[in-house]
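Each protein sequence line maps, in turn, to chains A, B, C, D, E and F. Take the first sequence: its position 257, counting from 1, is numbered 257 in our numbering, and each next residue is one higher. Take the second sequence: its position 231, counting from 1, is numbered 615 in our numbering, and each next residue is one higher. Take the third sequence: its position 359, counting from 1, is numbered 1127 in our numbering, and each next residue is one higher. Take the fourth sequence: its position 109, counting from 1, is numbered 1261 in our numbering, and each next residue is one higher. Take the fifth sequence: its position 103, counting from 1, is numbered 1392 in our numbering, and each next residue is one higher. Take the sixth sequence: its position 8, counting from 1, is numbered 1434 in our numbering, and each next residue is one higher.
Keep in mind that the hints were calculated from the coordinates and are not lab data. Treat the hints with caution; some may be incorrect.
What the hints assert, rightly or not - Cβ-Cβ distance ranges computed for the label pairs, FRET-style: (1) L858(C) x S1442(F): 41 to 47 angstroms; (2) N1055(C) x E396(B): 37 to 43 angstroms; (3) Y39(A) x L675(B): 54 to 60 angstroms; (4) T1326(E) x F739(B): 19 to 25 angstroms; (5) F739(B) x F355(A): 52 to 58 angstroms; (6) W399(B) x R213(A): 56 to 62 angstroms; (7) S319(A) x T792(C): 37 to 43 angstroms.
What the hints assert, rightly or not - Far from chain D by the CB rule (all over 10 angstroms, computed), these chain A residues: (8) R115; (9) L117; (10) Q124; (11) L195; (12) G295; (13) N322.
Unchecked claim - Subject to a maximum C-alpha distance of 25 angstroms in a straight line, what follows is the list of computed SDA-like cross-link-like pairs (lysine to any residue): (14) K854(C) x L186(A); (15) K1091(C) x T1439(F); (16) K470(B) x K1091(C); (17) K470(B) x L90(A); (18) K600(B) x K1421(E).
Note that the Cβ used here is the ideal one computed from N, Cα and C, for glycine as well.
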Amino acid sequence: MDGTATETSKLEQLWHLTAIADVTWQMAVMWVVVGVLFYLAVYRKFEPLLLVPIAFGALLANLPTEGLINAPAGEHGGGLYYYISKGVDLEIFPPLIFLGVGALTDFGPLIANPRTLLLGAAAQFGVFATFLGAAAIGFSPMEAGAIGIIGGADGPTSIFLANKLAPHLLAPIAVAAYSYMALVPLLQPPIMRLLTTEKERKIRMRSLRPVSRLEKLIFAAMVTIVVILLVPAASALIGMLMLGNFLRESLVTERLTKAAQNELINVVTIFLGTSVGITMTGERFLNGDTLKILGLGVIAFGIATACGVLMAKVMNLFSGTNKINPLIGSAGVSAVPMAARVSQVEGQRADPGNFLLMHAMGPNVAGVIGTAVVAGYFIAWYAN
Amino acid sequence: MDGTATETSKLEQLWHLTAIADVTWQMAVMWVVVGVLFYLAVYRKFEPLLLVPIAFGALLANLPTEGLINAPAGEHGGGLYYYISKGVDLEIFPPLIFLGVGALTDFGPLIANPRTLLLGAAAQFGVFATFLGAAAIGFSPMEAGAIGIIGGADGPTSIFLANKLAPHLLAPIAVAAYSYMALVPLLQPPIMRLLTTEKERKIRMRSLRPVSRLEKLIFAAMVTIVVILLVPAASALIGMLMLGNFLRESLVTERLTKAAQNELINVVTIFLGTSVGITMTGERFLNGDTLKILGLGVIAFGIATACGVLMAKVMNLFSGTNKINPLIGSAGVSAVPMAARVSQVEGQRADPGNFLLMHAMGPNVAGVIGTAVVAGYFIAWYAN
Amino acid sequence: MDGTATETSKLEQLWHLTAIADVTWQMAVMWVVVGVLFYLAVYRKFEPLLLVPIAFGALLANLPTEGLINAPAGEHGGGLYYYISKGVDLEIFPPLIFLGVGALTDFGPLIANPRTLLLGAAAQFGVFATFLGAAAIGFSPMEAGAIGIIGGADGPTSIFLANKLAPHLLAPIAVAAYSYMALVPLLQPPIMRLLTTEKERKIRMRSLRPVSRLEKLIFAAMVTIVVILLVPAASALIGMLMLGNFLRESLVTERLTKAAQNELINVVTIFLGTSVGITMTGERFLNGDTLKILGLGVIAFGIATACGVLMAKVMNLFSGTNKINPLIGSAGVSAVPMAARVSQVEGQRADPGNFLLMHAMGPNVAGVIGTAVVAGYFIAWYAN
Amino acid sequence: MGAMLENLEMIGTGFSVVMLVLALIWAACALIGLFFTRGTKVEAKDAEKPAPSQPALAAATPGVPPHHLVAISAAVAATLGGGYRVTRIAAPAHKVGDWPLEGRIQTFNGHRTRADWAAMRPPLGGAAQNDKRGNRP
Amino acid sequence: MGAMLENLEMIGTGFSVVMLVLALIWAACALIGLFFTRGTKVEAKDAEKPAPSQPALAAATPGVPPHHLVAISAAVAATLGGGYRVTRIAAPAHKVGDWPLEGRIQTFNGHRTRADWAAMRPPLGGAAQNDKRGNRP
Amino acid sequence: MGAMLENLEMIGTGFSVVMLVLALIWAACALIGLFFTRGTKVEAKDAEKPAPSQPALAAATPGVPPHHLVAISAAVAATLGGGYRVTRIAAPAHKVGDWPLEGRIQTFNGHRTRADWAAMRPPLGGAAQNDKRGNRP
Ligand code: NA
Ligand code: NA
Ligand code: NA
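So that you can see chain A by itself, here it is in the shape it has in the complex (with noise of 0.2 angstroms):
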């Protein structure tokens, strides 16, 4: 007897090494999302530089790896994602993404033609309607702000903003507008054709000049200070892309830029996608906010589209000869550079001689400082 007994207890000590005992139900549905994600990613290319660690956090956060995010507690240190997630939550990642989004991007086409800055900030309208909408069914107007942001297109801005204003809805968020950008080839083309004529679709637009070194220097120095007078709770952001920019256009610090390019951005891409996953547990994810926010985004993609594509039309009203050909509105809404391989493919659908693409990086790049300083706007409007 006392031999089965013993026998007894070492299995129940064997069980209760494991954590089957912890598997929860969610989690269950959870793996579903997972695999989802994972098919979206590897599969059907939906940023799948964000999204495949976003959906591996996601994993590993619906398994029983308490392990992995607990506080240090007593002499026992924290869990590896207890540090890593440091970086998220201190907002550190987010700029140094900027840093070397900054470092890769080039403000030529919006130098070359600045009135597509009023494209760029146009579309950030869908981020307030969606704030409205969102505020209108329940949300708080904290968490109403960080899901508007979705409609900025922009992925680290709107982790910025989400860890800053409602951090349980990080990775709801997150989800959201790395997917949605990724759909922008679906999304976007109706609404464009819908609200455009054949004839403004065929517009053709002068050639942009050539910007030189120095013009670009000048703009980034220029923007930094503009844009930290005038919002300064964006600095952290505008200030990374800034400085990345003028790495790369400096051309004496090729090092730096390389670095910020690539070390730089990568591994913190790493870092910065598993820790936004790992917050992505059953019980924060399958309720009705995820849904709600999932459609809010939608809605977020559609309005801001659909203000860059008007604005660009009401700009036409004002601009004798020199016209905006409006399907490159629909660009401000930056998800660089999709918004703007959809305007140069709407635009060759209507007129296959017609080269839209440097003309939509204009708004495309504008559309990625215009949300940057609507996040900052929201930062000062609720976080102090």
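Model the placement of chains B, C, D, E and F with the ligands on the given structure of chain A, informed by the hints.
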């Protein structure tokens, strides 16, 4: 007279600025040990990527450099390695190394011939046997566990576990683990030949089927789920290993894969190696325990090798015509890829037309998973 | 009326969201300083790798970006540079830069002609003379030490020491150090010509013997031991410098050497530069001390150059036929490799067939060691 | 209802701020651009002739690295004997040109377009995609 | 003695856990593999013929990067006039083949095998090993 | 005045320390070097003849990567028919040779000299300097 007095005190003062008086005989002995390690690493190519930093760290540890490792006190900051060593103390570096290892590892041969997982499992018996021996000669159970893991032939895992169970033995365990991994080509062949017949060594194995991307991705996710469910304490190691591998096999995150394979693993290796080395002070290293650990380490390797080979022979009793060449069993100790190469060399010695390398990669990478499982088991058993 | 009142308050509110009211005249003046630094760095190529990040950091420091540097308060996290600057505060970044510098430096020319170590030592007299001058015009001894080290012409060492002895002077000291390093081709030649005769400048030196790997490895270990024993406070700098060099010369850790030479040094340089720049606020920089420091820096460079040349002449009194060309003495200030190039150019001016470059590399790298020793001495004298 | 009004005020202010900031940048850009374009137009007249003198090369640059061009030209010269001229060298297929944001595309799309010509080779069995696994080819 | 028994129990449990976990993974792998191999076998029949059609190329792949192959073939075609066929291109000397764990070998062995053909050049005096010092060649 | 004396004492001690430390390293180096040079001299005699056997190649190495050398030689052989010999290949312009501190120059100067020949091509309009923007060429 006064002048002379001043002169004396000045010299004295000068002397006190230096640290010559702090040199102990242990330090001098350790310099010889460091010299031996340098020789092995540089001229005998014993895992130089780890042993050179470890040996250099040991050199620093055995000079009067308390300024490098002192904790912060009042408004004085801590020493450089007070901060860098946090990556070992907080168990951050070994999982990051595993992230890179995962991105560098192809589990294809294992997936194509999953039977070889049992060989990787069998080799772990060396860990347990050595645990028993270490406990028998007076080490505490936790120390014995940390020593036994040397038989797993996996550097980062050994460091991870030693830091958790017996941090005061970290240096000798790490040195033993990496040294013996380098000695695999000397240690294994006699045991392999002793335990196999000429006929067995000539067994030719069926060629491996190709493994598709999808199957590799499913494997990475499946191992993550199974291991973390059953041995949750291994989640940091297995989670990062499989994250790296998933990035690699997804084929859509090339930038991140490269970052994990290069930037991240290289920089962390420098810091990990020197952090381990800097714990290698004379007082800690020059004692009977170190010799015992070095001795137990050899035994651990020997038993692991033997168990791998014997398991292959046992499996052949049940395998019909699809026999396993027992020479690949020894590769189950991990020590990737050296142990697999040893299998290849020994196989060709018996039959020059026999190519066992890819077959041996199966148990070889299985051994990595197996050792991580053992480490998780030890942690679950002792560290909570 | 009510409507207007609301309008007013709204505008007021808007105004308060901006930071325009926080702009001070010092900021505006500093923008000009930043412009000058950008001009020097980008168009005159004054050490752009450091000066571009420093200047951009200074731009951020002189915008109302307290959100970038504020300490954490309650549940609000700190600003981005509160965290990044820790790498300077805690004296982590300069040793990491030295790790990369060690991996990039070939001590071969020094080992082949070790006499030139004395030239590197002599040039350090500039540091002490400037210390005396700074103390005489009213700086405290610790401040004077931090200022004097500018004469060592070694950026990371200057930052390391300034942070330890006089953190409030970090920015002007770093700017002076890097600016004057860039000015070496202008500052040194007049002094060199003044102190040498035509005949001396035409001295041809014996060609250097090749130095084997083993000798280079012994050198790295030996310097580590000697310097740390005699000046333990220099251990962080010398230890990392020689670790990098040992990795390089071992020839068996290529991955790690490349990581130290590229990834690590580049990323740390971005963070180090901007962290230094961000301390450069108007209040701290726009005062008499900065001008005094810039003045003392020139003096330091001049004296260091002169002492190097004079030491070479003194050594020639004892060297029989194996004379030293005193033009290589000036390379003892370090400023690697610019000072060595200046020696080469001046040498060819006197005799177009004379190649002094490799000979000048000896004192040049000796100056790096010398300055680290001086820094360690200052720390030992004052910082305990 | 008060909350809704407050939200509307917030939105009104916010959208104004965004439009204002970007419009200010526009103005600044236009001003700075004016200065730069005045200079360029004068230069442009002088530079009109030499510019189109190497059209073949210019047309080829988007995709094909210049040192490959040189190598190809040398090979052609060696083979055909010097009397011929390379008029067009094109990188095949789904080339995107090196328009400036290519780097960023790579970051945000995650599939490598072509860092080298090698990527264009046909896949050779299972090992063919190893370059996407980050291993050096 | 009690301690020894306890240790033995721990070992018994532990080794069982390891065997169990890896056996479970084996089972899962085998199951998944079954699904995949069924598909492959059908494909294999169709693909039987085209596979061995390019043996020369296949034999050469381990060492020689494919774009070099293409370049070499093109050069040969251009020089010899098209009637010839390249039957074997080999990278000389201590080639290791590109079996999949090559990357990991590099990490754990620390001596570079060959990232580029350049590494194969004979050492040219003291400067020859500079590539191992991390400098760009 | 006391402060000045103290400072002078500090300087005296300090400069002595620096001279002492570096002189000690000198002594150690000289001692070690003695051992190494004795060995070399004997070897040198044996090695006298083979060393100067490839002067053309040796002269060229500072700037031009060896695999480019091979390619150039091959091209020349193909063109001129084999009876000719390449005696000098030079990388044009502000070449610094690959003296050992080249890497450090790059770090501290911040303008790339030439990691590849590509950098030497003439600038082709605005896109020409993209390699300095860190993009892959
Ligand atoms: Na946007
Ligand atoms: Na193992
Ligand atoms: Na110096």
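Verification of the supplied hints:
A hinted range of 41 to 47 angstroms is violated for the C-beta pair L858(C) and S1442(F), which are about 31 angstroms apart. At about 41 angstroms, the CB distance of N1055(C) to E396(B) agrees with the hint of 37 to 43 angstroms. Our hint of 54 to 60 angstroms for Y39(A) and L675(B) holds, since their Cβ atoms are close to 55 angstroms apart. As the Cβ distance of T1326(E) to F739(B) is approximately 22 angstroms, the hint placing it in 19 to 25 angstroms holds.
Judged by the Cβ atoms, the range 52 to 58 angstroms given for F739(B) and F355(A) holds: they are separated by roughly 55 angstroms. Between W399(B) and R213(A) the C-beta distance comes to about 57 angstroms, which sits within the given range of 56 to 62 angstroms. Taking the beta carbon of each, S319(A) and T792(C) are about 40 angstroms apart, inside 37 to 43 angstroms as hinted. Against the 10 angstroms criterion, R115(A) falls within the reach of chain D, whose nearest CB is about 7 angstroms from its own CB.
Its closest Cβ contact with chain D, about 4 angstroms, brings L117(A) to no more than 10 angstroms, contrary to its assignment away from the interface. Under the 10 angstroms C-beta cut-off, the non-interface status given to Q124(A) relative to chain D is violated; the minimum distance is some 5 angstroms. Non-interface status of L195(A) relative to chain D is upheld: no Cβ of that chain comes within 10 angstroms, the nearest being about 19 angstroms off. In this structure G295(A) is separated from chain D by more than 10 angstroms, as the shortest Cβ-Cβ distance comes to about 19 angstroms.
N322(A), annotated as away from the interface, keeps every beta carbon of chain D farther than 10 angstroms; the closest lies near 13 angstroms. Taking the CA atoms of K854(C) and L186(A), the gap is near 45 angstroms; set against the 25 angstroms cutoff, the hint is violated. At most 25 angstroms may separate the alpha-carbon atoms for a hinted pair to count; K1091(C) and T1439(F) exceed this at roughly 29 angstroms. The suggested pairing of K470(B) with K1091(C) is violated, with an alpha-carbon distance near 51 angstroms, which exceeds 25 angstroms.
At most 25 angstroms may separate the alpha-carbon atoms for a hinted pair to count; K470(B) and L90(A) meet this at roughly 19 angstroms. Of the pairs offered as hints, the one joining K600(B) and K1421(E) is violated, with about 34 angstroms between alpha carbons and a cut-off of 25 angstroms exceeded.
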